[in-house]
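Just so you know, we're using the numbering used here here: the sequence shown kicks off at 1 and counts up by one.
Read the hints as simulated data drawn from the structure, not as lab findings. Watch out, some of these pointers could steer you wrong.
Stated by the list, open to error - Simulated restraints, written as ranges between beta carbons of each label pair:
{"no.": "1", "residue 1": "P50", "residue 2": "E143", "range": "24 to 32 Å"}
{"no.": "2", "residue 1": "I207", "residue 2": "D256", "range": "26 to 34 Å"}
{"no.": "3", "residue 1": "V250", "residue 2": "D87", "range": "28 to 36 Å"}
No experiment lies behind these values; they were computed from the predicted model shown. All C-beta atoms, glycine included, are put in the ideal place defined by N, C-alpha and C.
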Amino acid sequence: MISFIGCGNMGEALLKGILESSFLSSEQVTFYEKFASRRDYIAKTYGITPIGDICSSVKDSKYLLVAVKPQNIKQVIGEIGEFFRKDFNNIISIAAGISTEFYEKNLGEGTSVMRVMPNAPALYKKGIAAISRGKYADDADQEFTVELMRKIGDTILIREDLQDISTAINGSGPAYFFLFCKALIESATANGLGKKAAKKLVIETMIGAGIMLKRSGLEIDELISKVASPGGTTEQALKSFKKSGLDDIVENAVGDAVRRSKELGKQIL
Numbered sequence: 001m002i003s004f005i006g007c008g009n010m011g012e013a014l015l016k017g018i019l020e021s022s023f024l025s026s027e028q029v030t031f032y033e034k035f036a037s038r039r040d041y042i043a044k045t046y047g048i049t050p051i052g053d054i055c056s057s058v059k060d061s062k063y064l065l066v067a068v069k070p071q072n073i074k075q076v077i078g079e080i081g082e083f084f085r086k087d088f089n090n091i092i093s094i095a096a097g098i099s100t101e102f103y104e105k106n107l108g109e110g111t112s113v114m115r116v117m118p119n120a121p122a123l124y125k126k127g128i129a130a131i132s133r134g135k136y137a138d139d140a141d142q143e144f145t146v147e148l149m150r151k152i153g154d155t156i157l158i159r160e161d162l163q164d165i166s167t168a169i170n171g172s173g174p175a176y177f178f179l180f181c182k183a184l185i186e187s188a189t190a191n192g193l194g195k196k197a198a199k200k201l202v203i204e205t206m207i208g209a210g211i212m213l214k215r216s217g218l219e220i221d222e223l224i225s226k227v228a229s230p231g232g233t234t235e236q237a238l239k240s241f242k243k244s245g246l247d248d249i250v251e252n253a254v255g256d257a258v259r260r261s262k263e264l265g266k267q268i269l
């Protein structure tokens, strides 16, 4: 049995994926959510009875999927610590910046922890989750976590010391693409294109470009050269991006996100 501690957008995406894939039945899944409106919505939408007491999650569930905000982690650990059994319970954490060591330190040496960074497209089963294994997690824990995350998209296994950069790339990355799309749409409308038409053109272009990246087998520079004819409009736009320092802008933004992920972890310790 698995129990969700917190069921926000990402928790809901996982819950939906689990149930729709029949990976687990509704009888094998429970959840604890402190916000009444959210609790009622999840219960009604997915036909799962919520747990009124967070401690019951620990007593009855082998896997505890911690899906709360990082700033709420200490409170959660404080509430479940008394009832946590290292010989029975296992942690799957999707809280940004929170290390497996934090759980091991606060729940006791020997605690099995899998750390995961999923992302927003998981809502449509198009996510990518970066998974790291704590030093006390075994092969079965890793296999369960990988299979769980594959219900909402793809997975990769990485060393835990790379989780902060993963957070900045796949965790935050969708927002970067959204922002770039917004800028393209606004540029299109500023040049006379209607907003509806601009939005459709940008969205379908982004999706198509993503499919080319995934399926063509070509390097990114090769794909760029296929679109950018010498002396053409694309080449001119790319020169403008370079002149404006796009590479530096992206590198600085990712660096700031990495630092923030590390700060979140340090604030909790």
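Each hint, compared with the structure:
1. P50 <-> E143: 24 to 32 Å: holds, 28 Å
2. I207 <-> D256: 26 to 34 Å: With a Cβ separation near 28 Å, I207 and D256 satisfy 26 to 34 Å, so the hint holds.
3. V250 <-> D87: 28 to 36 Å: Cβ of V250 to Cβ of D87: about 46 Å, so the range 28 to 36 Å is violated.
In summary, the one numbered hint that this structure violates is 3.
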